[in-house]
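Which chain is which? The protein sequence lines are A and B, in order. Mind the numbering: the first sequence is residues 1 to 288 in my numbering, read in order. Mind the numbering: the second sequence is residues 289 to 578 in my numbering, read in order.
Read the hints as simulated data drawn from the structure, not as lab findings. Possibly wrong hints are sitting among the right ones.
Unchecked claim - Some, not all, of what chain A presents toward chain B, calculated at C-beta under 8 Å:
no.: 1; residue: L55
no.: 2; residue: R107
no.: 3; residue: P144
no.: 4; residue: E145
no.: 5; residue: A188
no.: 6; residue: R203
no.: 7; residue: Y207
no.: 8; residue: G209
no.: 9; residue: R219
no.: 10; residue: L222
no.: 11; residue: A249
no.: 12; residue: G251
no.: 13; residue: Y288
Claimed, not checked - Computed list of chain A residues with no C-beta within reach of chain B, every gap over 10 Å:
no.: 14; residue: S89
no.: 15; residue: L152
no.: 16; residue: L216
no.: 17; residue: R242
no.: 18; residue: V282
no.: 19; residue: I287
Glycine residues also receive a C-beta, built at the ideal position from the N, C-alpha and C atoms.
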Amino acid sequence: MDGSLGGGEGARGREGDRSSPTLPLSHSPPLSLAATLVLSLAALLITAVARAQQLSDLEPERPISVEDARPVPYRAFSGAVDWTYNQRSDALNDYGPGFSLLYGAARGLEVGASLRYVTRPGRNAGRGISSGDLFVHALYGIRPESAAWPALAIRTDVQFPTGLDSKGTDLHLTALATRSFDAFRLHANFRFSHLGATGPTERSERYEGIAGLDFLVSRRGLTDSLLLADIVVRTNPIVSGRAVITIEAGGRQRIASQTVLFAGAGSDLTGLHDRAKVRVRVGVSHIY
Amino acid sequence: MKRLGYAWAPLLLLAAAVVSAQPEERFPPKGSWTNSVHRFFPDLDARLNAVRYGRWRAVEIAWVSGINSRLDQKFSSYLLGLLADPPRFAPEPERVAPRFAREALPVFRALRWGQVFERQALDVLAAPDAAPRLNEERLRRIAALYRRERWALSEPSEAEVAGEAMRAAPVSARILLAGTRLFVLAAEDLAASDFGQQRWRIKATVAEFDRSSTLERSPEQSTYHLAAPTVTSRFPVVAEQLDRLRRFRLELFEALVPGGTTPESRRERDERVRQLARRWGLPVEGIGGR
Numbered sequence: 001m002d003g004s005l006g007g008g009e010g011a012r013g014r015e016g017d018r019s020s021p022t023l024p025l026s027h028s029p030p031l032s033l034a035a036t037l038v039l040s041l042a043a044l045l046i047t048a049v050a051r052a053q054q055l056s057d058l059e060p061e062r063p064i065s066v067e068d069a070r071p072v073p074y075r076a077f078s079g080a081v082d083w084t085y086n087q088r089s090d091a092l093n094d095y096g097p098g099f100s101l102l103y104g105a106a107r108g109l110e111v112g113a114s115l116r117y118v119t120r121p122g123r124n125a126g127r128g129i130s131s132g133d134l135f136v137h138a139l140y141g142i143r144p145e146s147a148a149w150p151a152l153a154i155r156t157d158v159q160f161p162t163g164l165d166s167k168g169t170d171l172h173l174t175a176l177a178t179r180s181f182d183a184f185r186l187h188a189n190f191r192f193s194h195l196g197a198t199g200p201t202e203r204s205e206r207y208e209g210i211a212g213l214d215f216l217v218s219r220r221g222l223t224d225s226l227l228l229a230d231i232v233v234r235t236n237p238i239v240s241g242r243a244v245i246t247i248e249a250g251g252r253q254r255i256a257s258q259t260v261l262f263a264g265a266g267s268d269l270t271g272l273h274d275r276a277k278v279r280v281r282v283g284v285s286h287i288y
Numbered sequence: 289m290k291r292l293g294y295a296w297a298p299l300l301l302l303a304a305a306v307v308s309a310q311p312e313e314r315f316p317p318k319g320s321w322t323n324s325v326h327r328f329f330p331d332l333d334a335r336l337n338a339v340r341y342g343r344w345r346a347v348e349i350a351w352v353s354g355i356n357s358r359l360d361q362k363f364s365s366y367l368l369g370l371l372a373d374p375p376r377f378a379p380e381p382e383r384v385a386p387r388f389a390r391e392a393l394p395v396f397r398a399l400r401w402g403q404v405f406e407r408q409a410l411d412v413l414a415a416p417d418a419a420p421r422l423n424e425e426r427l428r429r430i431a432a433l434y435r436r437e438r439w440a441l442s443e444p445s446e447a448e449v450a451g452e453a454m455r456a457a458p459v460s461a462r463i464l465l466a467g468t469r470l471f472v473l474a475a476e477d478l479a480a481s482d483f484g485q486q487r488w489r490i491k492a493t494v495a496e497f498d499r500s501s502t503l504e505r506s507p508e509q510s511t512y513h514l515a516a517p518t519v520t521s522r523f524p525v526v527a528e529q530l531d532r533l534r535r536f537r538l539e540l541f542e543a544l545v546p547g548g549t550t551p552e553s554r555r556e557r558d559e560r561v562r563q564l565a566r567r568w569g570l571p572v573e574g575i576g577g578r
C-alpha cells in the first residue's frame, strides 16, 4: 500500500513534483527517534494485551499492498505496527513506523484507522510524501466466496490532511476480489482516488490496480506460514507521466495463536526519479 | 468542516452492513480463559490441533473424492504423520478445506462455529482460575453465544444413521474417533480435578492417546455422556451440544461417501448434504452448484 493508502510515496500523489506550486505550509517538527520509539512501544502494548491474527486475513501493507476481500470478523480487534525503509533512486532514503487498528463493527463490516510517519519530513514534504496523514476506512464484504463467485468486497478510505504538507481531504474507493484454489488464492484490487487539493501539474484523479497471490508454504499443509506476491500498476501522479509499476513479495508467519510476524520487500520498476529502488517492511499484527 | 467532506463514505458502508445483516459468524467470545489449553497444556493442544487438521482434511478429501479404502490408507497415513509431529497452532479451516468451504458454505460454517465452541469449552475448563461455579457461568455464557448464531446446530428428530463411512474408511475413522475421544477425556480431566491434578491427568490421557489412537472403539465411547460423567453432570447443556456436534460430523461423513468425482456422484452428494443441512436446521443455499 505504500504508494497509495499508507502515506508513502504517491499516497498523496505529489512525489517528485518539485515544479508544482505548493501552499505555504509551516513544516511540523520532525518526529524524534524517542517519540517514534514511544509510539511503537505503545502500539505493541496495545496489541499485546489484545490477542490473535488469522494468517490469511490480508491487510494492506501487512506486508505488501494487496488486500483480500474479507473483513475482520465481527467484534474482533486487530492491531499492527511495522517499520518501513525506502532506499530511493536519488539516495534521499527514508524510514519510519506505521500503525493500524481494525475492528469488526458489524457482520461483514470492518472499520479501521491507520497512520504512517516517515523521516526527512522536510524533504519528503518537498517531494510530496505526506507523513502523518490519518486514514479512516470501512471495508464491506459484499459476498463471501462460493462455488461460482469469488469473495467480493468494497472499501472506502478517507485520508485526512493531518500530516505535513497535506492540502486536502482525499477519498479512495477500492473494489476487492479473492478467489481460492486448492493450494493458493488470487486477489485483485482496483482503486480509484480523488484528491482534494492538487497542484496544476498533478492529477487529481488516480487509478491503481493490484494483482496478487498467496500460498501456504508448509509441505504438511499447516496454516502457519504464508508467502505472497503482487504487482501494482498505478497512475503517475504527474500529468503525462508514465504509469508506476511496483513488484512486491513477502511472508507472514504465525508466532503465537493470534499473532503474526510479517516481512516484505518491493521495488518500483518504473516511475519518478526518486522512486523506491528497494522498500523493506517488517512488523507484527495481532487480533483479539 | 471541509476536511470532513468525505467522512460520509465509510458511514455509508456502515449503514449498508447494518441493514443487510450478513450471516458471517462473530469472533469467538473473549475472556481471561482464552487460549488456556495452548498456554498450560501445550502437549495436549498440539494433539488437539492435529485432530482439528485431520477433521478438516478428511472433510475436504471426502467432499472431492468420496470415502473409500484407497483414500482411507492415504488419509490415515497423513493423519498419523501429523500426530507424530503435531502442529503448535490450530488450523485455518478455509485453507485446509478450501473447496468444501466454497461449495458447502452453511455446513462448513456450522462445523467451524462448532469447533470454536468446542475449543472455548476446553479453554474455560483449563483456565488457571477455574472453579466449578465460575466454569458454570462461563460455559453458560459461551453456550448462549453459540446458540445465538445462525450456524448453531439444533437436534434433529431422526435417529443416528448407520456407519457406511466407517466401514468404507475404517482406519481413518478409528483415528478420528480416538481424536474426538481425546477432546472428551481432556474435558473430563479438566473438569474433575483442580489445577494441580490437571497436569498429571492430562499427561496420562495424552500418553494413552499416543499409544492407542488406532485401536477400534465404538462411536459411543467418544461421547461425553459415556466418557465424561463429570462434564455431563455439571454442565449438561455443554455436553449435549458437544455430543450433537460429534453426531453431526459422523452424519456428514455418511453424506459424503459418494464424493464428487462424477456429475452423478456430485448430484447425489449435494442432495445428501442438503438433506443433512435441513435436518439440522441449517440453510441449504450455497451447497453444491458447481
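Verification of the supplied hints:
1. L55: 6 Å, holds
2. R107: 4 Å, holds
3. P144: 7 Å, holds
4. E145: 5 Å, holds
5. A188: Status violated, d = 17 Å.
6. R203: R203/A check fails; min Cβ-Cβ to chain B is 18 Å, beyond 8 Å.
7. Y207: 17 Å, violated
8. G209: Since chain B brings no Cβ nearer than about 20 Å to G209/A, farther than 8 Å, the hint is violated.
9. R219: 11 Å, violated
10. L222: 5 Å, holds
11. A249: Interface hint status for A249/A: violated (19 Å vs cutoff 8 Å).
12. G251: This interface hint is violated because 15 Å lies over the 8 Å limit.
13. Y288: Interface hint status for Y288/A: holds (7 Å vs cutoff 8 Å).
14. S89: At about 33 Å from chain B, S89/A clears the 10 Å cut-off, so the statement holds.
15. L152: 12 Å, holds
16. L216: At about 6 Å from chain B, L216/A fails to clear the 10 Å cut-off, so the statement is violated.
17. R242: At about 29 Å from chain B, R242/A clears the 10 Å cut-off, so the statement holds.
18. V282: 21 Å, holds
19. I287: Contrary to the label, I287/A does not stay out of reach of chain B, its closest Cβ about 8 Å off (not over 10 Å).
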